[in-house]
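K.L.:
Spelled out from the first residue to the last, the chains are:
There are 2 protein chains.
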Amino acid sequence: MSISKEVVQALSSVLTFKDGLVPLHAPVFSGNELAYTKECIDSTFVSSVGKFVDQFEKMLAEYTGSKRAVAVTNGTAALHMALMLAGVKNDDEVIIPGLTFIATANAVAYIGAVPHIVDSEETTLGIDASKLDRHLSEIAEVRSGECFNKQTGRRIAALVPMHVFGIPLDLDGLLALCEKFSIPMVEDAAEAIGSFYKGKHCGRFGKISSLSFNGNKTITTGGGGAVLTDDDKLADLCKHMTTTAKIPHKWEYFHDMVGYNYRMPNINAALGCAQMEKLDDILASKRKLAEAYATAFSTVKGVHFLTEPEGCKSNYWFNTIILEKGMEEERDSVLEATNGASYMTRPLWAAMHRLTMYENCPRTDMSVAESLEKRVINIPSGAGILGV
Amino acid sequence: MSISKEVVQALSSVLTFKDGLVPLHAPVFSGNELAYTKECIDSTFVSSVGKFVDQFEKMLAEYTGSKRAVAVTNGTAALHMALMLAGVKNDDEVIIPGLTFIATANAVAYIGAVPHIVDSEETTLGIDASKLDRHLSEIAEVRSGECFNKQTGRRIAALVPMHVFGIPLDLDGLLALCEKFSIPMVEDAAEAIGSFYKGKHCGRFGKISSLSFNGNKTITTGGGGAVLTDDDKLADLCKHMTTTAKIPHKWEYFHDMVGYNYRMPNINAALGCAQMEKLDDILASKRKLAEAYATAFSTVKGVHFLTEPEGCKSNYWFNTIILEKGMEEERDSVLEATNGASYMTRPLWAAMHRLTMYENCPRTDMSVAESLEKRVINIPSGAGILGV
Ligand SMILES: Cc1ncc(COP(=O)(O)O)c(C=O)c1O
Ligand SMILES: Cc1ncc(COP(=O)(O)O)c(C=O)c1O
Numbered sequence: 001m002s003i004s005k006e007v008v009q010a011l012s013s014v015l016t017f018k019d020g021l022v023p024l025h026a027p028v029f030s031g032n033e034l035a036y037t038k039e040c041i042d043s044t045f046v047s048s049v050g051k052f053v054d055q056f057e058k059m060l061a062e063y064t065g066s067k068r069a070v071a072v073t074n075g076t077a078a079l080h081m082a083l084m085l086a087g088v089k090n091d092d093e094v095i096i097p098g099l100t101f102i103a104t105a106n107a108v109a110y111i112g113a114v115p116h117i118v119d120s121e122e123t124t125l126g127i128d129a130s131k132l133d134r135h136l137s138e139i140a141e142v143r144s145g146e147c148f149n150k151q152t153g154r155r156i157a158a159l160v161p162m163h164v165f166g167i168p169l170d171l172d173g174l175l176a177l178c179e180k181f182s183i184p185m186v187e188d189a190a191e192a193i194g195s196f197y198k199g200k201h202c203g204r205f206g207k208i209s210s211l212s213f214n215g216n217k218t219i220t221t222g223g224g225g226a227v228l229t230d231d232d233k234l235a236d237l238c239k240h241m242t243t244t245a246k247i248p249h250k251w252e253y254f255h256d257m258v259g260y261n262y263r264m265p266n267i268n269a270a271l272g273c274a275q276m277e278k279l280d281d282i283l284a285s286k287r288k289l290a291e292a293y294a295t296a297f298s299t300v301k302g303v304h305f306l307t308e309p310e311g312c313k314s315n316y317w318f319n320t321i322i323l324e325k326g327m328e329e330e331r332d333s334v335l336e337a338t339n340g341a342s343y344m345t346r347p348l349w350a351a352m353h354r355l356t357m358y359e360n361c362p363r364t365d366m367s368v369a370e371s372l373e374k375r376v377i378n379i380p381s382g383a384g385i386l387g388v
Numbered sequence: 001m002s003i004s005k006e007v008v009q010a011l012s013s014v015l016t017f018k019d020g021l022v023p024l025h026a027p028v029f030s031g032n033e034l035a036y037t038k039e040c041i042d043s044t045f046v047s048s049v050g051k052f053v054d055q056f057e058k059m060l061a062e063y064t065g066s067k068r069a070v071a072v073t074n075g076t077a078a079l080h081m082a083l084m085l086a087g088v089k090n091d092d093e094v095i096i097p098g099l100t101f102i103a104t105a106n107a108v109a110y111i112g113a114v115p116h117i118v119d120s121e122e123t124t125l126g127i128d129a130s131k132l133d134r135h136l137s138e139i140a141e142v143r144s145g146e147c148f149n150k151q152t153g154r155r156i157a158a159l160v161p162m163h164v165f166g167i168p169l170d171l172d173g174l175l176a177l178c179e180k181f182s183i184p185m186v187e188d189a190a191e192a193i194g195s196f197y198k199g200k201h202c203g204r205f206g207k208i209s210s211l212s213f214n215g216n217k218t219i220t221t222g223g224g225g226a227v228l229t230d231d232d233k234l235a236d237l238c239k240h241m242t243t244t245a246k247i248p249h250k251w252e253y254f255h256d257m258v259g260y261n262y263r264m265p266n267i268n269a270a271l272g273c274a275q276m277e278k279l280d281d282i283l284a285s286k287r288k289l290a291e292a293y294a295t296a297f298s299t300v301k302g303v304h305f306l307t308e309p310e311g312c313k314s315n316y317w318f319n320t321i322i323l324e325k326g327m328e329e330e331r332d333s334v335l336e337a338t339n340g341a342s343y344m345t346r347p348l349w350a351a352m353h354r355l356t357m358y359e360n361c362p363r364t365d366m367s368v369a370e371s372l373e374k375r376v377i378n379i380p381s382g383a384g385i386l387g388v
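Residue numbers (the working numbering), protein chains in the order written: chain A, 1 to 388; chain B, 1 to 388.
Everything labelled a hint here was simulated from the structure, so no lab data went into it. Careful: at least some of the hints might be erroneous.
Note that identical chains are pooled: a pair holds if it fits in a single copy or bridges any two copies.
What the hints assert, rightly or not - Calculated lysine-lysine pairs in the DSSO-like style (CA-CA distance at most 30 Å, straight line): (1) Lys5 with Lys58; (2) Lys180 with Lys313; (3) Lys5 with Lys278; (4) Lys51 with Lys18; (5) Lys233 with Lys288; (6) Lys5 with Lys51; (7) Lys131 with Lys239; (8) Lys250 with Lys325; (9) Lys89 with Lys239; (10) Lys38 with Lys278; (11) Lys51 with Lys38; (12) Lys131 with Lys325; (13) Lys301 with Lys38; (14) Lys89 with Lys278; (15) Lys200 with Lys18; (16) Lys150 with Lys278; (17) Lys38 with Lys58; (18) Lys200 with Lys374; (19) Lys246 with Lys198.
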């Protein structure tokens with residue numbers, strides 16, 4: 001049997017209920033979503049004032065164990081703010097993985113900083129710490145507590161690990177590098193709510209981090225994101241910057257810095273509160289699905305189902321299969337066959353160094369990312385598939 | 001009787017129903033807001049996919065007479081995009097009024113451009129075209145179709161009129177200046193949905209313009225904004241830029257420029273559609289309120305109730321009283337007395353040139369703005385006051 005037929009068969013064996021298109025990741029609203037939304041509309045508090053934003057932030061902080069969470073318009077805004085708050089400035093460099101969603105690179109560019117693009121490892125799809133260590137040992141130097149790229153002369157102001165599809169990456173390895181090279185860590189945990197590295201929630205290892213609640217994420221607020229940090233000062237400043245930097249006053253309108261309108265509206269936070277109440281159930285359902293996939297794909301030769309690393313817990317946001325090396329040619333036919341059978345699947349993003357606007361950025365050898373691009377496929381993953 | 005007592009009395013004569021606090025501007029949800037929101041939740045389409053965004057854009061285009069409307073996260077994002085699409089670049093100057101909400105200046109700063117701050121006129125609170133003409137005649141020169149500030153050497157890349165509180169400003173005067181000095185006009189029509197200048201909707205005079213649907217605006221989407229333009233190419237590019245600049249493909253993730261996540265989520269657009277259905281009623285109710293205020297304040301000496309200029313239609317977003325010159329000292333006691341009587345009132349924004357981050361920007365004499373700041377007061381204006 002061809003590999004594409006085998007993949008379709010494995011999917012069918014798990015997605016037995018199938019009737020029509022199985023989306024990659026549809027949200028599940030089985031709780032108080034409508035009730036809380038109605039409360040916003042009835043009270044007229046749909047916008048910048050209202051209790052759900054505070055409540056959502058509290059729930060996020062509690063769940064992740066972060067001291068503070070600041071809700072914002074989306075994960076892109078969250079990362080933009082996290083980078084600024086970590087001290088990234090115009091003309092700095094920021095280390096990001098080549099394998100990430102475009103927002104990671106864009107958030108760097110918004111500040112006028114330059115992405116420094118690095119390769120990933122096959123096991124977690126996240127930044128390869130050993131390869132990065134060798135790279136930095138060659139090109140970086142630490143001067144008075146800051147890291148500089150000797151080749152470009154620019155400061156390396158942050159390292160942004162991204163937990164691809166919710167799989168926790170090698171944080172120990174990267175934290176050691178951050179220490180060794182004096183680079184602050186800013187986690188792009190957009191895909192990782194519900195993922196834990198050695199018992200601690202992803203996004204709690206860097207100085208500050210970002211989450212996303214886009215419609216395709218584990219939980220959604222329509223559009224939304226959050227900044228996580230244990231630093232009260234940074235959290236307060238984040239709130240200030242994301243709400244136009246207005247100085248509190250009973251009626252005067254003074255602002256003390258160039259601020260943003262990145263606040264999450266109350267009606268979106270209302271959805272978020274209802275979703276947080278169901279997060280454990282959503283994660284349990286997604287885990288069951290991942291387990292079923294693991295079994296189904298264990299007998300498909302040439303296809304590896306990606307599971308969480310030892311000691312870590314993945315939220316299994318997007319379930320992922322990886323074709324063996326040598327099977328790159330099969331990717332498109334697997335995509336055709338699965339989508340043709342109404343199982344939505346998709347490949348990896350084009351790696352950042354292959355996009356015109358980032359192709360001249362400093363980078364490492366990108367051979368692993370380039371190979372993975374040709375072999376990774378996401379398969380249907382929503383909690384609605386097995387139900388909540 | 002003291003002026004503050006007289007103002008409270010005039011307010012009481014209009015706001016006879018009063019029981020508790022009368023907010024400055026609460027939204028009114030008397031239509032399909034809940035039904036449409038429920039539809040989003042039931043269908044799970046709350047985010048970037050769904051019919052309400054398209055529908056809302058169509059309704060906005062139809063209502064304003066603009067060829068195209070692109071819905072975005074908020075009015076700040078809309079102005080940011082409008083300025084970029086008008087060609088504003090890093091280190092350009094952009095003419096903005098000193099009397100505006102901070103977002104006007106911030107959107108300029110996001111691009112790395114510099115606000116060039118100009119004075120307003122007492123009649124509309126908008127940019128004073130004659131004063132600006134004198135200023136530009138002194139400092140500007142046109143070279144190969146572009147305008148330059150001779151004093152700073154920078155290009156003057158756009159002029160951003162803002163219709164303060166929905167009152168249409170002197171567009172004819174400003175359009176003539178734009179022509180004379182070769183400066184593209186980008187209207188910040190954030191406050192002006194439902195306002196018309198000589199029969200044409202505000203925001204349709206510039207090359208491109210922005211609207212806001214923040215919670216305090218005439219209609220709201222929780223958080224939201226839109227870009228208006230008659231130029232299909234600009235509108236398409238706006239859609240592209242605000243949705244991460246992804247190139248359409250059945251599964252590949254390629255992006256061809258530094259894009260933004262500024263898309264309006266479907267659940268917010270659902271609110272917007274319901275609000276648009278009620279816009280005429282909302283405007284009629286607000287107009288009735290303004291007429292009642294005009295009568296009530298006509299007998300209060302030293303206080304002028306601001307009305308629409310001849311030939312124009314204001315949405316009367318925020319109703320406005322202006323204290324006579326010489327009565328600057330009374331402003332704070334009027335604010336105290338009215339808020340103390342549970343009628344929410346507020347003064348103008350601090351003019352842009354008085355804020356630390358913009359105090360060194362190029363500017364005109366700002367005497368009118370500074371005088372108005374000490375005399376303008378907004379009074380309760382929501383459509384809920386007289387009902388919809
Ligand atoms: C890795 C990564 N970073 C950032 C984002 C941006 O989040 P959002 O879409 O909420 O702006 C996303 C999700 O889209 C993402 O997957
Ligand atoms: C003049 C002006 N410009 C821009 C904005 C920004 O709109 P938003 O608050 O939706 O970002 C507003 C409203 O807040 C405004 O009044």
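K.L.:
Hint by hint, say whether it matches the structure.
P.N.:
Hint-by-hint comparison with the structure:
no., hint, result
1, Lys5 with Lys58, "neither (47 Å within a copy, 43 Å between copies)"
2, Lys180 with Lys313, "within (27 Å within a copy, 65 Å between copies)"
3, Lys5 with Lys278, "neither (35 Å within a copy, 53 Å between copies)"
4, Lys51 with Lys18, "between (40 Å within a copy, 25 Å between copies)"
5, Lys233 with Lys288, "neither (40 Å within a copy, 47 Å between copies)"
6, Lys5 with Lys51, "neither (51 Å within a copy, 35 Å between copies)"
7, Lys131 with Lys239, "neither (37 Å within a copy, 39 Å between copies)"
8, Lys250 with Lys325, "between (64 Å within a copy, 24 Å between copies)"
9, Lys89 with Lys239, "both (19 Å within a copy, 28 Å between copies)"
10, Lys38 with Lys278, "both (18 Å within a copy, 18 Å between copies)"
11, Lys51 with Lys38, "both (13 Å within a copy, 20 Å between copies)"
12, Lys131 with Lys325, "within (20 Å within a copy, 71 Å between copies)"
13, Lys301 with Lys38, "neither (50 Å within a copy, 45 Å between copies)"
14, Lys89 with Lys278, "neither (39 Å within a copy, 45 Å between copies)"
15, Lys200 with Lys18, "neither (36 Å within a copy, 53 Å between copies)"
16, Lys150 with Lys278, "neither (49 Å within a copy, 61 Å between copies)"
17, Lys38 with Lys58, "both (21 Å within a copy, 26 Å between copies)"
18, Lys200 with Lys374, "neither (32 Å within a copy, 54 Å between copies)"
19, Lys246 with Lys198, "neither (40 Å within a copy, 35 Å between copies)"
Hint violations for this structure: numbers 1, 3, 5, 6, 7, 13, 14, 15, 16, 18 and 19, all remaining hints satisfied.
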